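Note that the protein sequences, when read in sequence, are chains A and B.
Here the first sequence stands for residues 3 to 428, numbered as in our numbering.
Here the second sequence stands for residues 60 to 151, numbered as in our numbering.
Because the hints were derived from the structure by calculation, they are not lab data.
Treat the hints loosely; a few may be bogus.
[Said to hold, decoys possible] Straight-line distance between alpha carbons at most 30 Å, and here's what the computed BS3-like set of lysine-lysine pairs gives: (1) B:Lys118 to A:Lys420; (2) A:Lys409 to B:Lys92; (3) B:Lys148 to A:Lys102; (4) B:Lys118 to A:Lys57; (5) B:Lys148 to A:Lys120; (6) A:Lys99 to B:Lys113; (7) A:Lys413 to B:Lys148; (8) A:Lys413 to A:Lys212; (9) A:Lys72 to B:Lys92; (10) B:Lys113 to A:Lys413; (11) B:Lys148 to A:Lys106; (12) A:Lys175 to A:Lys102; (13) A:Lys356 to B:Lys92; (14) B:Lys118 to A:Lys392; (15) A:Lys409 to B:Lys113; (16) B:Lys92 to A:Lys102; (17) A:Lys164 to A:Lys36; (18) A:Lys392 to B:Lys113; (19) B:Lys118 to A:Lys409; (20) A:Lys99 to B:Lys118; (21) A:Lys214 to A:Lys242; (22) A:Lys91 to B:Lys113; (23) A:Lys420 to B:Lys148; (24) A:Lys57 to B:Lys92; (25) A:Lys392 to B:Lys92; (26) B:Lys118 to A:Lys413; (27) A:Lys420 to B:Lys113; (28) A:Lys36 to B:Lys148.
[What the hints assert, rightly or not] If we take Cβ atoms under 7 Å as the criterion, some of the chain A residues that face chain B in the derived model are: (29) Asn340; (30) Lys356; (31) Phe360; (32) Pro361; (33) Gly381; (34) Lys413; (35) Trp418.
All of these numbers come straight from a predicted model, not from anything done at the bench.
Where a beta carbon is used, it is the ideal one built from N, C-alpha and C, also for glycine.
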Amino acid sequence: MTNITRRHFGIMAGASLSTLGLPILSAPALAQGKPRVVIIGGGPGGATAARYIAKESNGAIDVTLIEPLKTFTTCFFSNLYVGGFRDYKSLTHNYDKVRKGDVKVVHSMAASIDRDKKQVVLAGGGKVPYDRLLVAPGIDIRFDSVPGYSEKAAEVMPHAWKPGAQTQLLVRKLNALKDGDQIVMIAPPNPYRCPPGPYERVSMFAHVLKKKGFKKSRIVILDPKPTFSKQAVFSEGWEKHYPGIIEWQDPKIHGGIKGVDAKTGEVKTDFTNYKPALVNVIPAQHAGKIARDAGLTNQTGYCPIDAASMKSTVDPNIFIVGDASIAGEMPKSAFSANSQAKVAAMVIRAELTKSRAFPARYSNTCWSLIAPDDDVKVGASYEPVDGAIKASSTFVSQRNESADLRKQNYKESVDWYKGITADIFG
Amino acid sequence: MALGLLAPVAQSADVEYGRYLSSECTTCHGASKADSTIPNIHGLGESHIAEVIKAYRTKALPNPVMQTIAARLGDDEIAALAAYFATAKRPK
Ligand SMILES: Cc1cc2nc3c(=O)[nH]c(=O)nc-3n(C[C@H](O)[C@H](O)[C@H](O)COP(=O)(O)OP(=O)(O)OC[C@H]3O[C@@H](n4cnc5c(N)ncnc54)[C@H](O)[C@@H]3O)c2cc1C
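Excised from the complex, chain B in its bound form (with noise of 0.2 Å):
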């Protein structure tokens, strides 16, 4: 009971599975340049990230890539991703 009571709220992300998920991402993400149309995205704030991965699940963004990859993506994911990305580094 005491040790129920203990746990952490909100389950903490799923790092490992975050860098699996990411391989999809870096096909369009892994050479990006400032002035890329596909923006950087490794090392980008963990909860920028989710919000507007989330933003393009909803369309509230507009580019239909994004909101494609986006649609299939459920929340643990989106945090998995976003806590992955978040100390990644841009592959060399």
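Pulled out of the complex, with its shape left as it was, chain A reads as follows (with noise of 0.2 Å):
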């Protein structure tokens, strides 16, 4: 039986083509024709390059997106489901959409990059050839750039830098909080994803606090670095909505972070020890692993580019965009990291099918929530200047702006938030 309908379908489908007069090819015959490009990541960078990739070249380039997670949770507004203004569902997206944009989808981690062979491995030893490779595989903690800190430490004290069950766990941890329980928070050192990040969240802890009424509870945070991103605006927000609540330490204050131990739950400076009740650890990281053991970063830990297209400077087929790479002025943010993809997609698909090529433009919005309908935000334009990126205009919210004003920013924030997870996921 069996037998018979494979028989069947195999002289139908033979008659029907040579009826056309098509030459009859097998189907991988058909795939080989045609430039392949591979991505390795899922996130802000990857699923935009894949999405514009295909849809910029009409199906003249096969495109293939290699990413573990079936859904992806955001890092961005997860500072608001820490304040309770969002739910966790709210921040969860698939590939539904990408895989109808006409990218292929392989729901496998990369192991391995064999850029003589032009292949990547994968974690189940399939190889997936490419003619351009672009990689897009976001930031690795770097758990001993604070003494005591681990992986195993980080399910008592969550970074909570990467998204998932890092980011519940801390919101399991704060609203257990009872009056009068301390938060330290260790902030990361320059260059690190979302640089206003840290602050804000401190500013998400700071609001739960007031909204459950707490007289006693106070926030520090210990920051290895002399001076913070939007710290003019954020300073005034603290005193305005926390006053007392919140202290901000710089290395002058503390004196050198120490350490952590997360059997006794201490954290240790120069000048204090601390045992608070919640420790959220964010230290300092690097690009993910895929492009640190294909050679692809040098000693910052990062990945250098040609900055008017996103080209690895160590290796012409293969582009690095968002968190993983040196974008010079550019924050390691998500719109930076789609925008950035938006730049390597156009020059891929002008390579591969010799089209025409544009010049590089990049640009940034960062919106920050201090406390409800009081939000800032900084952003920029960015252009390849002598080989490097740097911004030509730039913004950042001011004190004493109106409360309107920062309640238009919310909603702004909003709305981008519906933009871009549309633009990456479709």
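Hints given; two lone chains; assemble the complex.
This is the structure in structure tokens:
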């Protein structure tokens, strides 16, 4: 039965093709005719690039996206989940529409890149050949950058700087606090994912404490940096909404962060021993392992790129976008990753289909919520200048802005989230 | 000579370039609803789009997000964007 059906199908297919006078090609032969782009990582950088390459080449390029996760939870807006302004589900997206946009989505981890053979080796052993490869694995946490911290310690002292279980753990711990309990955050050194992120998160901690009516709880930020992003407006907002609750310490004040002890729950600086109920450790970071193992990073731990194309400076067939790249003056943000992906997609499309290329244009805006309806923003346009990505025009929220304006900013950020997630995931 | 005299006065907008430049806009403008603080710009009149962007460029209109975006756009680029968006449909 099976045999007959199969033969029958074969004959039918052959007959119909030859009737039409078309050459009979097997599927793999057809695919070999098209240039192949493989993308590692389905976050803002990788998923945007995949969709834009497929869309702008009108099917002339074979696009494969390799991403182990079936659903992607955004780090951006996760602070709003911490503050109780969003639920977790609203941050989660799937790849159905990416697939519908003519992208093959392979849910697997890329284990290595064979740059000589131009192929990606999957965790299961499968090999995916490419003509151009785009690498967008985001960051890895450098656990050893804070003495005493480790992947195991993160189960007690979450970093929540990668989305998913870590963010949920942080929220559970925050919601379990009692009045009088203390919070300590260890902020990261530059460069790291989302420069205003730690300070927006602290704002959300304070908002939750205030909403619970707590009078005695305090938050200490131990910062390895002497200044931080949007500091003027964050400081103003903290004084206004949470007077006396948040204490920010720069290295001159704490004298140096000596480390943490997950067993005792202690945090030590040169001058003080803390034993808070909630410790949020945000360590130093570097490019995702796959990029480091493939030799795409330099001594900074991130990947050097050509400013006009996002092409790796060590391999002309590889592009790097998003948090893993060294993008000059651009901050590591989802907005930046999305913007860089469009430049890389344009260059890849032009190279592989011999079509028109355009000048690289980048931009970014980061909104941060300080308290309900009090939202601040910072943004810039960027271009390649003398081989590096430089800001050409910039803006940042100012002190003493009207409540209406700050409320408008918040609404804008919510509309931006809708826009960018539709742009990334379809 | 005769051909030169017949050439159009204004160079027509480069819609293909406009399409590429529009990818910057889609990050914010791609999912607008009627009540969005980020308005829909797909299918708006060509001259309206160009005028508004120029007004952001001179800071005659207030939003710093749009002022920063408009600051680096040349007249040709604004024309290219306006021509593209005038006929473009909102991405699905
Ligand atoms: C608390 C917080 C708040 C933030 N707020 C904002 C904000 O308001 N605005 C903003 O623009 N940005 C914000 N960000 C930053 C933003 O989340 C990141 O910059 C952005 O996610 C970077 O995108 P990416 O594509 O480079 O990497 P990622 O988002 O990390 O995506 C990388 C993907 O690659 C996959 N991957 C990794 N290795 C492999 C492999 N070997 N094989 C296959 N797949 C692999 C991962 O599973 C992941 O899905 C925030 C970040 C945090 C932590």
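The hints, checked one at a time:
1. B:Lys118 to A:Lys420: Roughly 26 Å separates the two Cα atoms, so the pair holds.
2. A:Lys409 to B:Lys92: Satisfied, since the Cα-Cα distance of roughly 18 Å is no more than 30 Å.
3. B:Lys148 to A:Lys102: holds (18 Å)
4. B:Lys118 to A:Lys57: The given pair, whose Cα atoms are some 34 Å apart, is violated under the 30 Å limit.
5. B:Lys148 to A:Lys120: It is violated: about 38 Å lies between the C-alpha atoms, which goes past 30 Å.
6. A:Lys99 to B:Lys113: violated (35 Å)
7. A:Lys413 to B:Lys148: holds (24 Å)
8. A:Lys413 to A:Lys212: holds (22 Å)
9. A:Lys72 to B:Lys92: The given pair, whose Cα atoms are some 28 Å apart, holds under the 30 Å limit.
10. B:Lys113 to A:Lys413: holds (24 Å)
11. B:Lys148 to A:Lys106: holds (25 Å)
12. A:Lys175 to A:Lys102: violated (39 Å)
13. A:Lys356 to B:Lys92: violated (37 Å)
14. B:Lys118 to A:Lys392: holds (22 Å)
15. A:Lys409 to B:Lys113: holds (26 Å)
16. B:Lys92 to A:Lys102: holds (23 Å)
17. A:Lys164 to A:Lys36: Since the Cα atoms of lysine 164 of chain A and lysine 36 of chain A sit roughly 36 Å apart, the hinted pair is violated (cutoff 30 Å).
18. A:Lys392 to B:Lys113: holds (23 Å)
19. B:Lys118 to A:Lys409: Holds: lysine 118 of chain B and lysine 409 of chain A sit about 21 Å apart, inside 30 Å.
20. A:Lys99 to B:Lys118: Violated, because 38 Å separates the two Cα atoms, which is more than 30 Å.
21. A:Lys214 to A:Lys242: Given that 30 Å is the threshold and the Cα spacing comes to 18 Å, the pair holds.
22. A:Lys91 to B:Lys113: violated (40 Å)
23. A:Lys420 to B:Lys148: holds (17 Å)
24. A:Lys57 to B:Lys92: The given pair, whose Cα atoms are some 23 Å apart, holds under the 30 Å limit.
25. A:Lys392 to B:Lys92: Violated - the C-alpha atoms of lysine 92 of chain B and lysine 392 of chain A are around 33 Å apart, more than 30 Å.
26. B:Lys118 to A:Lys413: Distance of about 22 Å is within 30 Å: holds.
27. A:Lys420 to B:Lys113: Holds: lysine 420 of chain A and lysine 113 of chain B sit about 26 Å apart, inside 30 Å.
28. A:Lys36 to B:Lys148: holds (28 Å)
29. Asn340: holds (6 Å)
30. Lys356: Constraint on lysine 356 of chain A not satisfied, violated at 15 Å.
31. Phe360: Since chain B brings a Cβ to about 5 Å from phenylalanine 360 of chain A, closer than 7 Å, the hint holds.
32. Pro361: violated (9 Å)
33. Gly381: holds (6 Å)
34. Lys413: holds (4 Å)
35. Trp418: holds (5 Å)
Hints 4, 5, 6, 12, 13, 17, 20, 22, 25, 30, 32 from the earlier list are contradicted by this structure; the remaining hints agree with it.
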